[in-house]
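Enquirer: Below, each chain spelled out in residue letters.
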Amino acid sequence: MTKRPIHRRFPIHIVVFLSPAVLIYSLFMIYPLLDSLRLSFFTTLPDNSETFAGFQNYILLFTDSNYAPRFWGALKNNVIFFLVHMLVQNPIGLLLASLLASGGRGRKFYRTILFMPTVLSVVIIGFIWNLILSPLWGVTEGLLKLVGLERLFQPWLGIESTALVTISLISVWQFVGIPMVLFYAALIGIPEELIEAARVDGASGWHIFWHIKFPLILPTVGIVGILTFVGNFNAFDLIYTIKGALAGPNFATDIMGTLFYRTFFGQQLQLGNPTMGATVAAMMFLIILSGVLAYMVFWQRRVQTVEM
Amino acid sequence: MKKNIMLGLLLAFALLLTSCAQATPAEPPAAGVTQPPAAEATQPPAAEATQPPAAEEEQVTLIIESWRNDDLPIWQDVIIPAFEKRYPNIKVVFSPTAPAEYNGVLNSKLEAGTAGDLITCRPFDASLKLYEKGYLAPLNDLPGMENFTDFAKTAWSTDDLSVTFCVPMASVIHGFFYNKEAFDKLGLQEPTTWDEFYQVLDAIKADGTYSPLVMGTADMWESATMGFQNIGPNYWKGEEGRIALIKGQAKFTDEPYIKTWQQLARWRDYLVSGFEAVKYPDAQALFTLGKGAIYPTGSWEIALFEKQATFPLGIFKPPVEKVGDQCYISDHVDIALGMNAATKHPEAARTFLSWVASAEFAELYGNALPGFFPLHSTPVELTNELAKEFVSWRNECKSTIRNSYHILSRGEPNLENELWRVTALVVNGTITPEQAAQEIQAGLDKWYKPQQ
Chain D
1 MTKRPIHRRF
11 PIHIVVFLSP
21 AVLIYSLFMI
31 YPLLDSLRLS
41 FFTTLPDNSE
51 TFAGFQNYIL
61 LFTDSNYAPR
71 FWGALKNNVI
81 FFLVHMLVQN
91 PIGLLLASLL
101 ASGGRGRKFY
111 RTILFMPTVL
121 SVVIIGFIWN
131 LILSPLWGVT
141 EGLLKLVGLE
151 RLFQPWLGIE
161 STALVTISLI
171 SVWQFVGIPM
181 VLFYAALIGI
191 PEELIEAARV
201 DGASGWHIFW
211 HIKFPLILPT
221 VGIVGILTFV
231 GNFNAFDLIY
241 TIKGALAGPN
251 FATDIMGTLF
261 YRTFFGQQLQ
271 LGNPTMGATV
281 AAMMFLIILS
291 GVLAYMVFWQ
301 RRVQTVEM
Chain L
1 MKKNIMLGLL
11 LAFALLLTSC
21 AQATPAEPPA
31 AGVTQPPAAE
41 ATQPPAAEAT
51 QPPAAEEEQV
61 TLIIESWRND
71 DLPIWQDVII
81 PAFEKRYPNI
91 KVVFSPTAPA
101 EYNGVLNSKL
111 EAGTAGDLIT
121 CRPFDASLKL
131 YEKGYLAPLN
141 DLPGMENFTD
151 FAKTAWSTDD
161 LSVTFCVPMA
171 SVIHGFFYNK
181 EAFDKLGLQE
191 PTTWDEFYQV
201 LDAIKADGTY
211 SPLVMGTADM
221 WESATMGFQN
231 IGPNYWKGEE
241 GRIALIKGQA
251 KFTDEPYIKT
261 WQQLARWRDY
271 LVSGFEAVKY
281 PDAQALFTLG
291 KGAIYPTGSW
301 EIALFEKQAT
311 FPLGIFKPPV
321 EKVGDQCYIS
331 DHVDIALGMN
341 AATKHPEAAR
351 TFLSWVASAE
361 FAELYGNALP
371 GFFPLHSTPV
381 ELTNELAKEF
391 VSWRNECKST
401 IRNSYHILSR
411 GEPNLENELW
421 RVTALVVNGT
431 ITPEQAAQEI
441 QAGLDKWYKP
451 QQ
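So the sequence lines, in the order shown, correspond to chains D and L. Under our numbering, the first sequence has 105 at position 105, and the numbering climbs by one with no breaks. Under our numbering, the second sequence has 259 at position 259, and the numbering climbs by one with no breaks.
This is chain D alone, in the form it adopts within the complex (with noise of 0.2 Å):
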């Protein structure tokens, strides 16, 4: 122990302990990434060779009277799809976990039957929903009618000004699960300590709720924003079960993983175009990675402090 060798050796486990996950990552993670950003800086020729275009394609996409539209478009409606999960997908995961997590009975198994839309095919989940707001053969329109309100009930997934919010709703069903269950671990961890010296003091329920549990769950707040949009702005596969890639009625429900697939692989008698389509990708990831460093900015570090 006393014979420590002056120069310390070059750390060589730390290199062979990395390098597994460093070669994995670069291989099939950074290097498509980076050669995808690369492409987006590329045009194809009618000859099928790639030249340089500089920002061509960009300058394509944000003032092209056909493309333009249709980014914005899509880049709305996503931000519509990332409010509805905010909005309607959090608080009520927020609401379920801390139902959860006051105890009671039957706890275990509400937990389970929440979290199981979650881990069920997206292909199902669209089947499923297709189904039961058919107008044909749905049960929807028979519910309704059982409580007198059969008046309220339209073909809302075909409908130009309500499928988007539909999607939106479908998919905030199937992924309640997640806020849910991280805001269930995170108000469990709560020392209980805390929670009975506040009752001691006299703080109704809604106080301990808002005053010591919520302040204490930011981060996790904050993770789960995060995990949101992160998840909403790459959103592609419901839509696509749903919808199919021309995302419609009339460009409707087109977010940027449709716009994106549509681009890139083509539909119908479109043919792909993957240099427009890797520009597509670029401001998807462009986007992400802006609200990921954004929420490592502004929210990370203030929570830091509030943290125990």
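Simulated from the structure, these hints should not be mistaken for lab results. A few of these clues could be false.
[As the list claims (entries may be wrong)] Looking from chain D toward chain L, a few residues come up when the C-beta cut is under 10 Å (computed): (1) Phe153; (2) Ile159; (3) Asp237; (4) Phe265.
[Said to hold, decoys possible] Which stretches of chain D does chain L cover? Using the computed rule of at least three CB atoms under 8 Å from a CB of chain L, they are: (5) 30-40; (6) 171-182.
Nothing here was measured: the structure is a model prediction, and the numbers come from that model. C-beta: ideal position from N, C-alpha, C; glycine also.
Following the hints, put chain L in place on chain D, whose structure we already have.
Expert: Below, chain L without anything else, positioned relative to chain D:
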């Protein structure tokens, strides 16, 4: 000692990495090796294709890429066994993808070099692009190619008709299916004019037992394909109008197109409530369950409808304005088979394609898949009654193809996608026929400069 083990581990990793890295550059040469046979194909007939001995040397397996997943049983049980009986050394595997995903999946597979040996060809530009990119081999000298007329080959040839790259297999004809039981019960006749068409619809609506017209707009393509392309040719006079569009002599804002959209807008009152969210399989099920009376679609539904419907089926042509007007039908060349230029078994693939070009295949295919009409120049004896009736329309009406398929869907915004979008909106009542026409023409004007 420990250090040595670590170094050894590192070395192993390095080796693994280099071997991985080597695997990728090894691919292009492999593709290069297969190039010569494909190039040979353009040269005078080598005759090796028709000689079974070439194939006898060893068992080869050919994979067919297709979007016709509904046809899987027919290929497996009827078509492929008939071929394998004749050429026992060639095994054929039919490997379909879902129709909506086919083009995208196929493009990616071709780019990655993992596509099958035989490629089912979409008509016109989608396949032409594949040929231009070098993914489809030219087939001009394929024995059997002489069995097809130029009309049949147009969809799979270069614009100047100098190179053909797919063997035409079949066309589909648009029309209206109806529930004969419903028509008999209500004492209705097949309509021939638009006035009669709406009288029939009104009568069905008044009776209330059946949904008069079965169609949904959720998938959008039905409005465009089974609506617009189905009834439109009577207005734009088939090929005449289609070619005028390509030459720039006609515009989508012209009367024939507006009238077509106006008819579709009238359909709204006869569709099932909530049609905005009704998808294609829903509409099919509604009709075959006997809950609908008239279903605008095409001949490709024959097999499925005959299997599922418990009532007798009838068909009628797209209505015309006045009795005695020349009728036009959408007789859309729809499906062909080509060869992947990078196939490892070009001889076997050509053998199969030659067989596909034969009268034997045409008869087998036309009868195994009623509603897909062979394009072979020798008339094929069809046994299915509905298929016979569809094909009989060719005698009285002039055939045309969907006007968005040839040349006009080459640019962006894509005409076909736009037609899906605006036609669904017209049926939904979100936009007027005039607005639809303007949007379509503006989209086309953006990139299409017709050479007069």
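Enquirer: Confirm or reject each hint.
Expert: So, going through the hints one by one against the coordinates:
1. The beta carbon of Phe153 (chain D) comes within 8 Å of a beta carbon in chain L, closer than 10 Å, and the hint placing it at the interface holds.
2. At its closest, the beta carbon of Ile159 (chain D) sits 6 Å from a beta carbon of chain L; the interface hint therefore holds under the 10 Å criterion.
3. For Asp237 (chain D), the shortest C-beta to C-beta distance to chain L is roughly 13 Å, which exceeds 10 Å, and the interface hint is violated.
4. At about 3 Å, the closest approach between the beta carbon of Phe265 (chain D) and any beta carbon in chain L falls short of 10 Å, and the interface hint on this residue holds.
5. As drawn, the region 30-40 of chain D meets chain L at 0 residues by the rule of a beta-carbon pair under 8 Å; below three, the given contact is violated.
6. Closer than 8 Å: that is the beta-carbon criterion, and the region 171-182 of chain D has 0 residues meeting it against chain L, so the requirement of 3 is violated.
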